[in-house]
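So the sequences go chain by chain: A and B.
Just so we're aligned, residue 1 is where the first sequence starts under our numbering, counting upward by one.
Just so we're aligned, residue 1 is where the second sequence starts under our numbering, counting upward by one.
Hints are not guaranteed to be accurate.
A pair holds if it fits inside one copy or across any two, identical chains being indistinguishable in the list.
[Claimed, not checked] Below, computed lysine-lysine pairings styled on DSBU-like, alpha-carbon distance capped at 30 Å:
| hint | residue 1 | residue 2 |
| --- | --- | --- |
| 1 | K154 | K240 |
| 2 | K183 | K240 |
| 3 | K154 | K301 |
| 4 | K7 | K301 |
| 5 | K7 | K313 |
| 6 | K183 | K313 |
| 7 | K313 | K184 |
| 8 | K184 | K7 |
| 9 | K301 | K184 |
| 10 | K306 | K183 |
Hint data in this document are derived by calculation from the structure and do not stem from the laboratory.
These numbers come from a predicted model, not from an experiment.
There are 2 protein chains.
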Amino acid sequence: MAPDFTKCIVGALAAAGLSTTDPLLVGFSGGRDSVALTAALLLAGFSNVTLIHLDHALRPESAAEAEWVASFAQTRNLDVVIDRVAVAELAAQMGAGIEETARHARHAFFATVARERACSSVLLAHHANDQIETLVFRLLRGAGPGGLSAMAPKSERHEERRSYSLLRPMLGIWRAEIDAFVKKQGLPFLEDPSNALPDFTRNRIRHSLLAEMERCMRRPVHEALWRTAEVLRAEADFVKTAELLLGPVPEQLDVFELRQLPLALLRRRVARWLSERGVSDIGFDLVESVSHLALRIAPAKVNLPKGAHARRKAGRIFFEGPPLLLCLILLSLRLLF
Amino acid sequence: MAPDFTKCIVGALAAAGLSTTDPLLVGFSGGRDSVALTAALLLAGFSNVTLIHLDHALRPESAAEAEWVASFAQTRNLDVVIDRVAVAELAAQMGAGIEETARHARHAFFATVARERACSSVLLAHHANDQIETLVFRLLRGAGPGGLSAMAPKSERHEERRSYSLLRPMLGIWRAEIDAFVKKQGLPFLEDPSNALPDFTRNRIRHSLLAEMERCMRRPVHEALWRTAEVLRAEADFVKTAELLLGPVPEQLDVFELRQLPLALLRRRVARWLSERGVSDIGFDLVESVSHLALRIAPAKVNLPKGAHARRKAGRIFFEGPPLLLCLILLSLRLLF
Chain A
1 MAPDFTKCIV GALAAAGLST TDPLLVGFSG GRDSVALTAA LLLAGFSNVT LIHLDHALRP
61 ESAAEAEWVA SFAQTRNLDV VIDRVAVAEL AAQMGAGIEE TARHARHAFF ATVARERACS
121 SVLLAHHAND QIETLVFRLL RGAGPGGLSA MAPKSERHEE RRSYSLLRPM LGIWRAEIDA
181 FVKKQGLPFL EDPSNALPDF TRNRIRHSLL AEMERCMRRP VHEALWRTAE VLRAEADFVK
241 TAELLLGPVP EQLDVFELRQ LPLALLRRRV ARWLSERGVS DIGFDLVESV SHLALRIAPA
301 KVNLPKGAHA RRKAGRIFFE GPPLLLCLIL LSLRLLF
Chain B
1 MAPDFTKCIV GALAAAGLST TDPLLVGFSG GRDSVALTAA LLLAGFSNVT LIHLDHALRP
61 ESAAEAEWVA SFAQTRNLDV VIDRVAVAEL AAQMGAGIEE TARHARHAFF ATVARERACS
121 SVLLAHHAND QIETLVFRLL RGAGPGGLSA MAPKSERHEE RRSYSLLRPM LGIWRAEIDA
181 FVKKQGLPFL EDPSNALPDF TRNRIRHSLL AEMERCMRRP VHEALWRTAE VLRAEADFVK
241 TAELLLGPVP EQLDVFELRQ LPLALLRRRV ARWLSERGVS DIGFDLVESV SHLALRIAPA
301 KVNLPKGAHA RRKAGRIFFE GPPLLLCLIL LSLRLLF
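Take these sequences, add in the hints, and give me the full structure.
What follows is the structure, given as structure tokens:
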């Protein structure tokens, strides 16, 4: 098990163009998965590994966990960067959700450390079970094509004017394989801090829905779901690239041009146009409504969030921002509270 | 409800280029869905509707059901074509599964009637619930990208040297809407004969897994799954078309050319190459192994079903059929049993 485990991770990193002398940052929660990833990197001879840990201050024990991380790094003679963000307070200030704020804080932290250390790669310990849970979660939330492609082994991030690669070299490794590796190597770890995060839906998917799927099919479904994530990611990548090859989205959409596009490209082009106009919450229904402006006669106007709308006129689709009065009201509400 | 119901079906048929005077064949089981579809077509003024019914002879009551269909047609002054195929016996003769044989028999029947009646469209009464059940079923079976796109509102069929369109104008209508329409119109129907078909997994998906998904997410998932099927179909259609635009798959695959392709196209091209070489059971793992012949150095040979294999040599991938001896053994087994 152990050699295969390490080999798999090294293979994934080699595919991303990394060798054992390259500097790596490892997103390190102290849980079983990130401990296993770190141990495998050391076994494989990676010599320039820095652990990075963000204390989200969401649980009373998180400060003690950060200390545990520091001592883990010290014992193994590893460089470590630890920071703390009071996510709950920040979320309240921003009027945003806890999970969303935590994610933003984490990525900002990754970007900062990557810049400070002049390091282009941050490794995360997401594994095959995480991957299928993500797929099922996004599927049942009605994700668009991008969301359905689940997590990529390599994705480019652009945060704080700095680019780095987010690498997930364990997406092909199952939780049971990680458990066996951790046990065999006698590794210490914190008891799954991520399970205590407020993402209860994900825990329900993990603990009950996947089992119900297996009962229903009378056979394991894990491999099938994993392959699906793999297939969908490649297909979505291709469609996304094809849309990007069409070039910049113009300020006004040309109805005739849109109609010539295959439906998948039309939808993605409309989604990009909305995104570049600053529209938030771009879901399937919104993209569909604006696409129908191009494909059908009526209606010639579609309401967008926050008082904006899209209007078809003389063969073109225009974006019309919210009326000035509404902008002022929204702005003053924001300033007041 | 009723006008919307009919309007939705007329809209779907208009999108497929059909008007009320075009001749239509309706796959008619006598169940609630096909009865509702037929009633809606008549309400909408379609004047040239023929019901077509195949008695699969899989249940003792199927002959009586065929008679019920005949009398339903007579009462409504509709043309009807009824045929009978002893599916169980046929499956035993062919050494194939019941469901697969039933599907082949049904499509052969559709093709024959379409030819005899010089009619280009066969309508099926699959609805939105069928669509999401299909998506979940295929997802959990680990379908490839084609399978994941679920059912299309219009698909071209080529059977017995004749092409016709299979239309599903009710894919946007939910079972509850059909129930309400049937009740309001006071329509008679056979008690869901399709529920008694041996597709138990599908019944488990319908009756328990979808409910578990809603419990897990704490909200309805039907709309989300339906949108997913819609998104995936358009994306898969586009990737499929892009692959077809690459032109015919050559007898031998050029490794260098394959490597230039986006992963989604590489996989689809390999799948088509295998399919055109007569390889059966082309699943994800097989496509992946052959793709790896192009992407990696070793191994240079991949075993295919029935003793065939794919071999990489001098920058090309060759298909090698089974050895003559194995062919003879397989052939004699087929002749003996």
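Alpha-carbon proximity context of K183 and K240, limit 30 Å: neither (41 Å within a copy, 45 Å between copies)
Intra- versus inter-copy proximity for K184 and K313 (alpha-carbon distance at most 30 Å): neither (68 Å within a copy, 41 Å between copies)
Alpha-carbon proximity context of K184 and K7, limit 30 Å: Result: close within a single copy only, 16 Å intra versus 65 Å inter.
Within, between, both or neither: K7, K313 at alpha-carbon 30 Å: between (59 Å within a copy, 27 Å between copies)
Alpha-carbon proximity between K306 and K183, which holds within one copy, between copies, both or neither at 30 Å: neither (53 Å within a copy, 41 Å between copies)
Intra- versus inter-copy proximity for K301 and K7 (alpha-carbon distance at most 30 Å): between (56 Å within a copy, 22 Å between copies)
Alpha-carbon proximity context of K301 and K184, limit 30 Å: neither (63 Å within a copy, 34 Å between copies)
30 Å Cα threshold - placement of K240 relative to K154: both (16 Å within a copy, 25 Å between copies)
30 Å Cα threshold - placement of K313 relative to K183: neither (66 Å within a copy, 43 Å between copies)
K154 and K301: within-copy, between-copy, both or neither at 30 Å Cα: Result: close only across copies, 29 Å inter versus 40 Å intra.
Of the numbered hints given earlier, the model fails hints 2, 6, 7, 9 and 10; all others are met.
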